[in-house]
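**Q** If you read the sequences in order, they're chains A and B. So in numbering that gives the first Met the number 0 the end of the first sequence lands on 123, straight run, no missing numbers. So in numbering that gives the first Met the number 0 the end of the second sequence lands on 249, straight run, no missing numbers.
By construction, these hints were calculated from the structure, which means they are not laboratory data. Among these hints, one or two may not hold up.
Cβ-Cβ distance ranges computed for the label pairs, FRET-style [said to hold, decoys possible]:
#1 A:D76 with B:D156: 52 to 62 Å
#2 A:D23 with B:R16: 41 to 51 Å
#3 A:V24 with B:Y58: 20 to 30 Å
#4 A:V24 with B:K29: 17 to 27 Å
#5 B:E34 with A:P11: 18 to 28 Å
#6 A:S89 with B:K29: 18 to 28 Å
#7 A:V24 with B:A71: 43 to 53 Å
#8 B:E171 with A:V24: 56 to 66 Å
#9 B:G249 with A:D23: 50 to 60 Å
#10 A:V24 with B:D120: 50 to 60 Å
#11 B:E25 with A:D111: 19 to 29 Å
#12 A:P11 with B:R41: 25 to 35 Å
#13 A:R69 with B:R16: 32 to 42 Å
#14 B:V116 with A:D100: 53 to 63 Å
All values reported here derive from a predicted model rather than from experimental measurement. Note that the Cβ used here is the ideal one computed from N, Cα and C, for glycine as well.
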Amino acid sequence: MSRGVLVVDDDPFIRKLIATTLEDVAEFELHEAADGAEALEIAERERPSLVFLDVDMPVLDGIAACRELRSLEQTKDATIVMLTAAHGDSVERSAEEAGADLFLTKPFSPLDLLRLVDQLGGES
Amino acid sequence: MAVRSENDLIQEIERLRAELARREQESADKERQLERYAADLRETFKQERARSQELRASYVATVRALSNAVEARDAYTGKHAERVAAYGMEIARALGLSLGELPEIEFGFLLHDIGKVAISDRILWKPDSLSEDERRLMARHPVIGSEIIRGIGFLGDAADVVRSHHERWDGEGYPDGLQGEQIPLAARVFAVADVLDALTTKRPYRPASSLAEAREMINAESGSHFDPRVAGAFNTIPDETFELIRAEIG
Chain A
0 MSRGVLVVDD
10 DPFIRKLIAT
20 TLEDVAEFEL
30 HEAADGAEAL
40 EIAERERPSL
50 VFLDVDMPVL
60 DGIAACRELR
70 SLEQTKDATI
80 VMLTAAHGDS
90 VERSAEEAGA
100 DLFLTKPFSP
110 LDLLRLVDQL
120 GGES
Chain B
0 MAVRSENDLI
10 QEIERLRAEL
20 ARREQESADK
30 ERQLERYAAD
40 LRETFKQERA
50 RSQELRASYV
60 ATVRALSNAV
70 EARDAYTGKH
80 AERVAAYGME
90 IARALGLSLG
100 ELPEIEFGFL
110 LHDIGKVAIS
120 DRILWKPDSL
130 SEDERRLMAR
140 HPVIGSEIIR
150 GIGFLGDAAD
160 VVRSHHERWD
170 GEGYPDGLQG
180 EQIPLAARVF
190 AVADVLDALT
200 TKRPYRPASS
210 LAEAREMINA
220 ESGSHFDPRV
230 AGAFNTIPDE
240 TFELIRAEIG
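Chain A on its own, in the form it takes in the complex (with noise of 0.2 Å):
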């Protein structure tokens, strides 16, 4: 499996910080995508094995991406991490149906984030 991590979300301002924070962190690469459609023509093309995905996303939502990115060959076996508005409501249950392994509550705590990332990387 590929080290790629995929960071999807429709605001710029996330997908920056986000990278910013994993920067040098560990070694993978990392890809962004600003809405649903996006994220699976780059998980197709680059096979992450770790994907940061936004629930309220214009085109193909967060929860229907999952959906699809765990149908793709190349994704089925990804870690998928869900982010959330809020917490504990049927948003989570749904991403769970549709195969989320994880959820980062925004706004998220940048210590959790690399936590994850770090755990993933060591497994790999």
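Given chain A, work out where chain B should sit, using these hints.
**A** Leaving out everything else, chain B in the frame of chain A:
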């Protein structure tokens, strides 16, 4: 210019209101996210601070354990290293040495005799005076000591203090016969502290000197055994400071 109907204007205002609300929401989200970063940064800083204190404490404990291991073999000196380190630190402060250097200096003071672990019991405990060969072996302890600790990064320049703690200002010391300012300053400070403790500690063959007597002897050797600047700094420290250290350490 096209004249807009009232309806168009209302629609436009509503569109702008919605846009404003969206931007305000975005801005609030960013602010909350920034606060989260600040909170994590604060947490990380506190953890780092606590860990560096722990690390520092474990350095000190390790150095003390090593120093105690050396002391444990020598029944006469008791807590010599601890007292010398405390005296030496007072003199170093009186000299105005920068605080940043002080921990390493203290480590050097505490470990000055670490090389004695390589000196045989027969020589170390010999009640009579040493033969020429034995004296030569004994005189190797500063070099051996500095080699023992050279690889320990956190000790910094302490190894130089260990190597040069028997040098004399006039160049008559050992192992390198360094003279004057060739001798590391911390080692010149040590020389005064060492003699101060030796003189004011009772030995089987002589009683302890008083502080006043010790001061007199040290000043008599200022410029020969000791760096005059260090002896001068030593003179500015009141008796009570040394008495307090002695009472605390024993």
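**Q** Look at each hint and say if it fits the structure.
**A** Evaluated hints:
no.	hint	verdict
1	A:D76 with B:D156: 52 to 62 Å	54 Å, holds
2	A:D23 with B:R16: 41 to 51 Å	43 Å, holds
3	A:V24 with B:Y58: 20 to 30 Å	28 Å, holds
4	A:V24 with B:K29: 17 to 27 Å	22 Å, holds
5	B:E34 with A:P11: 18 to 28 Å	20 Å, holds
6	A:S89 with B:K29: 18 to 28 Å	26 Å, holds
7	A:V24 with B:A71: 43 to 53 Å	46 Å, holds
8	B:E171 with A:V24: 56 to 66 Å	58 Å, holds
9	B:G249 with A:D23: 50 to 60 Å	52 Å, holds
10	A:V24 with B:D120: 50 to 60 Å	54 Å, holds
11	B:E25 with A:D111: 19 to 29 Å	22 Å, holds
12	A:P11 with B:R41: 25 to 35 Å	27 Å, holds
13	A:R69 with B:R16: 32 to 42 Å	40 Å, holds
14	B:V116 with A:D100: 53 to 63 Å	56 Å, holds
When held up to the earlier numbered hints, the structure conflicts with none and fits them all.
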